[in-house]
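Novice: Sequence:
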Amino acid sequence: MVLGVSSQHNEQVCSVWGNYHYKTFDGNYFQLPASCNYILTSHCSSSYEDFNIQLRHQVENDEPTISKITMRLQGTIIELTKGSLSVNGQIVTLPFSSSEVFIEKRTSYISVKAILGLMAMWNGDDSFMVKLDEKYRNQTCGLCGDYNGIEVYNEFISDGNTLSVSDYGNLWKLDGPTEVCKEDTVPLEENCGDENFCHDIFSSSVFNDCRGRVSIDSFVQVCMEDLCHCNSTSGSFCLCKTIGEYSRQCVHAGGKPEEWRSEYFCPRPCPASMIHQECGNPCTDTCTNPEIGQVCEHHCTDGCFCPPGTVFDDIHNTGCIPHSECSCVLGGQIFASGENYTSSCRDCTCEHGQWNCIQKDCPQSCSVEGGSHITTYDGKAYTFHGDCTYVLSKHCATAKQCNDCYQIKHAEKLTLSMFSSFLKQCSGTEFTVQGDLVKCGVTETETCLKSVTLALLDGANVIKVDSSGNIEVNRIIAQVPLFTADVSIFKPSSFYIVIQAHLIGLRLEIQLVPLMQLYITANSAYQGETCGLCGNFNNIEADDFTTIGGLREGTALDFANTWKTRASCPDVKRNFENPCSLSTENEQYAQHWCSLLSDPSSVFAPCHSEISPEVYKANCIYDSCNCEKSEDCMCAALSSYVHACAARGIALDGWRDAACLTYTLTCPSTTVYSYKMTSCDRTCRSLSQSDNTCAVDFVPVDGCGCAEGTYMNENGDCVEPASCSCYDSGKIIPAGERISKDGGSCICEQGRLSCTGVSNGEECQDPMTFFNCSSASPGSTGSECQKSCNTLDMACISTECVSGCVCPSGLVSDGKGGCIAENLCPCFHNGVAYQPGESIKTDCNTCTCKDRRWICTTNQCSGTCSIYGDGHYKTFDEKRYVFSGNCEYSLVQDFCNNTTGTFRVITENIPCGSTGTTCSKTIKLFLGSNELRLTDGSYQVVHRDLGEEIPYQMRTMGLYLVIEANNGLTLIWDRKTTIHIKLSPEFNGRVCGLCGNYDGNANNDFTTRSQAIAVETLDFVNSWKLSNCPDATLIQDPCVHNPYRGAWAQRQCSIITSSVFSTCHSQVDPSPFYDACVRDACACDSGGDYECFCTAVTAYAEACNEAGACVAWRTPKICPMFCDYYNPPDECEWHYKPCGAPCMQTCRNPSGHCSSQIPALEGCYPKCPPEQPIFDEDNMKCVTQEDCGCFVDMLHYEVGQQVPTSENCQSWYV
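So the sequence shown is residues 1 to 1214, counted in UniProt numbering.
There is no bait here: all hints are sound.
Below 27 Å or equal to it, Euclidean Cα-Cα: the simulated BS3-like pairs (lysine-lysine) are: (1) 573 with 816; (2) 573 with 787; (3) 131 with 1025; (4) 131 with 921; (5) 131 with 68.
Hints are computed from structural coordinates only; laboratory data are not their basis.
Work the whole structure out from these sequences, hints included.
Specialist: Here is the structure:
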């Protein structure tokens, strides 16, 4: 650890300036008038060369200037001239970034920063400097010397021989292949010039802070040389350049020179509205980034700067303006300060370069697309392959109503009438929307939405629409349009049916072609009062998986299984199969057509600025691979994006010209005309069921119908029997389609179901009995309304009588084929049943099962933001995204529209693959007056002049370094690419950056620095850049770029979905972690690929551990951890702990008390013996109490050593 790192680094700097003056790394000054090409500095004393920098002078207007600089930095060749900049032979513009270098314009200088540990700056004229990392000490050669810390040796004195400046220069002259460059000998007169005059300049008061930092004598000598040998016609050229270099050297040494230039002495003109400063902040505050100067790590520099109180207008590039006059940018359009814009749900005003927005109450939509993709009102998207009828959305009681109801239900002397009045509040029956999801293919993952049922006003009106477009109202076939006081039902086109419930503000849009899809739009009056698969509509995406029992489930599967309406349906099982891995041909088809959605030149592009196509593209690829009828599923997915765009007011006319044109063609006529048309036994339904119309005696009529031998299907077309659908218990099964029925498999053939393996449905487990609807009285519901422990609180909406097993009166289904008393029903969480009275821990709360509901403590828990691997981010509000950018970004800070914050966390991305991917490897934590730099597995602490002191603790816990600050921030770092940031609830809504704003609403997590809400990930992340680096761009899928790695990546990463982690699959959804693992394993192709894989699997193991599922997944062959390295010979003190160890007594934590906010962390832990019971984290060994010493403000003091409080440290603890 380096505590209080000094800004002094002049001993690491070699510089060139003015009249051919040079200063070596070791502080030797010399003058070499020369115009040939010279090696300034090069990496020597090694079999490889990290860098080589050459330069050439020329004379312009009698003044020497640097005409060309050539830099070779680990294979990257950079050429700088006054007119151009090229990298590897290609002309580039600034800023420029690659995996090796970053080049930018910083005030008056061009800055080149190399990842190898080199920085160079050129003022475009005579001044050039190189700063080297200390790892290159005694490894350089060239005019800058050997960097050994000793002046003269071994530059001008070597092996006892003394070299002249010209002889020394000739050693490093390097001609081109066809060049023979000869220097003219220029005799330099010695001991001339006015020494007193020069001494007075450098000892003047403007350089008071430079005294003792930079040798005045050296610069006095240089000054005298300038007075003697300067050929400039301006007279003051050489002297001004040397004074400027002295000022720069003073800054390198940690000083702050004052203004020494004037209008008459060495003036430096600046553009309009800017002023010259000798020691200004090189990180210029701008309209789009007005706070970059507060986190600038570069020392001050000379140049032209904006006056105090102004910022640089980087939007119009017109110079410096007051911050209050800054414009705002939205969607490429510029808005002046004070201008407004209005969207459907926000009214915004541009103020001080940022948007000040007022959120309006708006309806929100929930969708069921592709038969499995569900998006909640709050924007949570998940995939669920259901096989039952589910509550999609219903009006549920608020938490307060349910609590009141619960209290009254358990009150003494409760009358039935009292309870009934509250029951209506708690049951929430204004509306219920149910969806029938069924398996519609050979595979378990091919599911379809077959029908939608809407129940209004406590079931007074029940409307059912099936995938064929048939509509029933209260069990009676209805024709549309249908208009009543309560509801309107109509078909705006043959593809859609719209149901509008006027009184309650609910609209259903049901798509029929090519697949049934559903869009539910609920009025804002229902915010926080809905439940079901569509979530609770409270603008908090993270809690959408909350069940009726009151707990949030860990996975979509366990959540959705709780919303079945039929007790007889089994729970859906987990399936991690990727349908695109089953057929290369299907995958190529899907990639070809679905990529149209994200193609910037396609017909879908006009909507990209409003709605990101990435989720729709992913669903499209999945569905196209998954379906037997790939085109239908592909076209349905494309239409889903079109529908979403239309909802935002963007019409994508002509999209079917590019795909799915077949649906626009006129259907062929299949009917015939007859004067005596009969419908008896002329429908497809009559092949499956008896035709009730045959029993009706009526006068023959003429009209169009089906010819003898053909049958009318559900679409009104006449078809052959082989094309007829089948009808079973109210369901329509298309011809040739398979369904699961009674444990067997059935296929629709010739209008009839042909089944194999069907069990006898009349066999029921005792005490259940079989209910046969064929002999039941009208209005019977059968097993459709059989209550189970999971459905006790759901009102039964009966659309038909369903034969099946039912429990005796007074009992309910236990979900396992048996019956149970209601009061014995358990509570459920993550698919596990808990008996009444049992308690579990969820986050920082304890929940107890009582009357089938969870009663939980109400502690406010901390939020967590995580980044890991190849740019995978999860915000505090649980929004996930991926991006790769080679820059510094604000990860999280509480300096949001204020200057009174306490911390900033900055991440710097470093490339880790040939595809342009990056890994976050450097973290900077600005905590009050301290800066903590985490990089390369270690850390530095730098004391700053800004901010107040915020106490913090730092400790090692297994693999991780943990920093815990008193302001409520905890940072957990694995010393590589994984960072977890935990914030106390006090920071709710008070932070900003890549981690979002921590307000519970994931939909606004993409709030930019200017307070606009971005649609695209790149627009969001680019707004939080800190340095003037290029914008991050879209990175190609690394598995597409490196197809040879795809199979290896999938095979390795399958451990996440394998039985190894089976105990965690119900706690934490493995799908996003598996996808991230495959991406990273494909991306890291420049070495360290196995490390990328291990990091990705570790991320899932961490999530499992925090959810309470400890998995020991490492083996000697899979990401092994060699804890034995720390064991002394023949001892076994260190052991691997997959889920951490109990809080230990350490030298930094002698009490052995750890924060409850810090989870158990994986890693190597010692089992300290009784004679050495304390763990020394810094030296990684067990020690005695006396060997620990004291820690005060993170500083270590030995026993007996004086501490800053002037109190003698007498014992091992403070």
